[in-house]
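Trainee: The residues making up each chain are set out below.
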Amino acid sequence: MTAPSPSRRSVVLTETVNGLTPVLVLFSIFLTLRGHNAPGGGFSGGLVMGSAVVLRYLAAGPRGLRSLRIDPIVLIGAGLLIAVGVGLTSLVVDGSFLESAIWKFHVAVLGDVKIVSSSLFDIGVHVLVVGVVMAVVVALAEADDEMRGRR
Amino acid sequence: LILLLLAHLLAAIVCLAPGRRSARWAMPIAAIAPAVTFGWLVSQTGAVLDGDTPTVDVEWIPQIALSISLRLDGFGLLMGLVVSGIGVLVLLYSMAYFGRRDDLGRLAGLLVAFAGAMLGIVWADGLLTLFVFWELTSITSFLLIGFDDTNAAARAAAMRAFLVTGAGGLAMLGGLIILTIVGDTTTISGLLADPPSGTLTDVALVLVLLGAFTKSAQFPFHFWLPGAMAAPTPVSAYLHSATMVKAGLVVVARFAPAFAAEGPWRVLVVGAGLASLFIGGIRAMRQQDAKLALAHGTVSQLGFLMVLLGLGTPATTYAGVAMLLAHALFKASLFLSVGVIDHEAGTRDMRRLRGMLRALPVVAASVVVAAASMAAILPTFGFVAKEKAIDGLLDTDIGAIGTVALVGIVLGSVLTVAYTIRIAVGLLGDDAPGIADDDADIEAAHGPIDASAVHRPPFALVGAPVLLALLSLLFGFGAGAVGDWLARATTSLDPATSSKHLVLWPGVNEALLISAGIITAGVALWWFTRAATRTLDASYSPATVAYDRVYDGLIEGARRTTAATQSGSLPLYLAVVVSTVAASLFVAIAAGATDSISSPRFSNSPVEFVAVVVTGLLAVAIVFARNRFGAAVLLGGSGYGLAIVYLIQGAPDLAITQFLVETLTIVVFLLVLARLPSEFSPAPPWAPKIVRIGIATAVGVTVAVFALSASGSRTEPSVGEDYVALSEPEAGGRNVVNVILVDFRGFDTLGEITVLAVAGAGVVNLVRSARRQQRRKRLEDGTLAEGDQDLDTGRKVGVWR
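If you're matching them up, the sequences are chains B and P in order. The first sequence begins at 63 in my numbering and counts up one residue at a time. The second sequence begins at 67 in my numbering and counts up one residue at a time.
These are computed hints drawn from the structure, not numbers from a lab. Among the hints, a few may not be true.
[Said to hold, decoys possible] To spell it out: a stretch of chain B is covered by chain P in this simulated footprint if at least three of its residues, at any positions, have a beta carbon under 8 Å from a beta carbon of chain P; those stretches are:
#1 73-87
#2 133-139
#3 185-191
Here a beta-carbon is modelled for each residue, glycine too, at the ideal position from N, C-alpha and C.
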């Protein structure tokens, strides 16, 4: 079950994935954001987005990854940076590491919006998880390349 | 005090920060810190000598009673003056010596950082404070010796010096900790005021002495010092003659009055000191490089000082301090003079130097004065100090060891005189009469230098050595005043020294006669060996060889250990890890954790019953799977089953995560499996079926039993209810599970994602290094043409750089 070579690529799979990707991405963001009040959260959200990446790889092979134009290590770093940044910010503002701050706004169309700083933390987790999943898939794709090079 | 140390740190940072771009201003800026220190110390002299000792105590890590405690007593004042005074001179000298070099900033920064650390040692009152600064000097010294970082010999010498002094430092740390406990105090002053005794104290003292010996290059650790001459000459002058090597002596001098009578102290100190005195002296006779000869001479002199300061009687302590001052002055002066000659004439080889007397008259004069002080010839300060030393040794009543020390020092001094004359004549003289200019090999290889081509050195270069030599002379003439001053300074080491004094001309007495005998014998020794020593090869050093053997042995041992424990066999690693888990759990269970085993209900509903049974069956089936693919699918199935159980039990968060993780795991599993043979590889020969079944069963049973007992062994009330209650008001979230993750236990999560990040980064790096290797191989094979390479680089910009 290596990623298909261009000639063996399934049109059906490719199209399905193309259609599914935006849905999966939206769903993963939804999961992450709702996590605060209902089942979900950054980790599961990140995994959903990670599965989108995996699907793209299955459908289009390494090219499907390359078209993303993102280095997984950048995602990993960014995620960690966001999480630590939230913690440090609350350390500076509140005097204790990772203490949640709650902001409430009233926005015209959406109604009352409540933002909790720990949601930001969760977003960091999300980004990082996507990066790690992607790193693993990239490693597999590399091995693919290598085999093809040998053949 | 602490401000002065911080000033050194600041100056170091200022000089180091600009990196390669720094220029000449670095040295003068660096010199400000020691200059200010010097000035401040001078202004404090009166107060400190009257017994008013400023102390500083800054808490650092109170949990382990670690604080920076400094104390400026008379001895600290004296040493501080030496360290900062010579520091200023060396920094200014360096400015002229190096001219324009783009790494001057680094040198200046390291030198001033070292000066600060050294001041920390001489002022330290806290035992651990002492150790901290002690290690700082080791590190800065390492960087300074290896300053010429493109030179492999310099790097090796730096490493050797660092390992030796670092090992000594660790020994000393052990000793200091024992002393802290035995003496029930964290300060040196407290320890000396109420010295403990006993076997444990003896052990501690031996450890402290080990540290002092390594730092002060005492036998058998003397070998690193000549190697350290790979450092630039101003560095050698400062660290390896005047200051750092005195650190060991400082510690010995402080401890000796209180502890010298303890167990093995005097035997060790006198033994190591005399051995160094002789070995250094003999090896100084063999060197052709003036700087190396001086370095061996330093080992020898340090041995002399070690004996004096280590004996711990008031008279020898006093003489030792005087000698310490004398040595700092003349040795720094000599080193700097050698630097000038090297700088202007282009060589330090004593066989090639000639005509220096005419070419560099001022430097020559300072060499003569400093050498006279080293050889203890009237009327220099060296003479006064050595006179006092012999006098003090004649006076002591510490039994046979005092006699041994006296005889050893007299014989060693003969050597000192001989090598001093040899160095002075080698540096300055034309070839000594009686030696024909027929050293064909030397002449052919290099030839003598042309004295008329020697440049005149600038004032800044000559100033420092001349000033130091002048001081050697002035202190000699002003021996009375200096002596009184020293007497007041050394009372902080031993109150009984207050009545001591120095005189230039003591009148004809025993000590003077001995001195005369030493000088006569020394001159004779030089005269009769001067021809023989011209051709000696000086490179062999048994101690260095021994060190190298130990070092290589260690590396080899580490390699073998790694080879033995890290076989690279995945099954073996797994077996070890898993058996360890089983064993440790078994111990916990055997220790009584089973009391609390609860028997949970098997299922609460028909649906759950089905889910549990299916999950269990799938898990059992994995064991019987014949190929990898089947096993992976079964594993995934059992994971899904578990997720359903979670869901039924009312844990949707857990269920979602379990589902997703399971899905991704299976996909990755399958992708990997596609590259492996479909059947399991045969078991390794060391693990027959029975062993594998045994290990697997052991782990399964222990983990299950542990899980059951752990869930039933709660003794404290659950925090769960508090979490639920606090979730909404405290963290603004209604999903308790998630609030726990990102708020209550946010730190845990942060730790976990850090682990994830590291793992991810590791994967990415593995891929990249594999790719690099592959490309190198292809390049070597010639299958990758230039164009392909470009293509490859182009792709690097893409997804996975």
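Trainee: Each hint: holds or not?
Mentor: Hints and how they fare:
no. : hint    : result
1   : 73-87   : violated (count 0)
2   : 133-139 : holds (count 5)
3   : 185-191 : holds (count 4)
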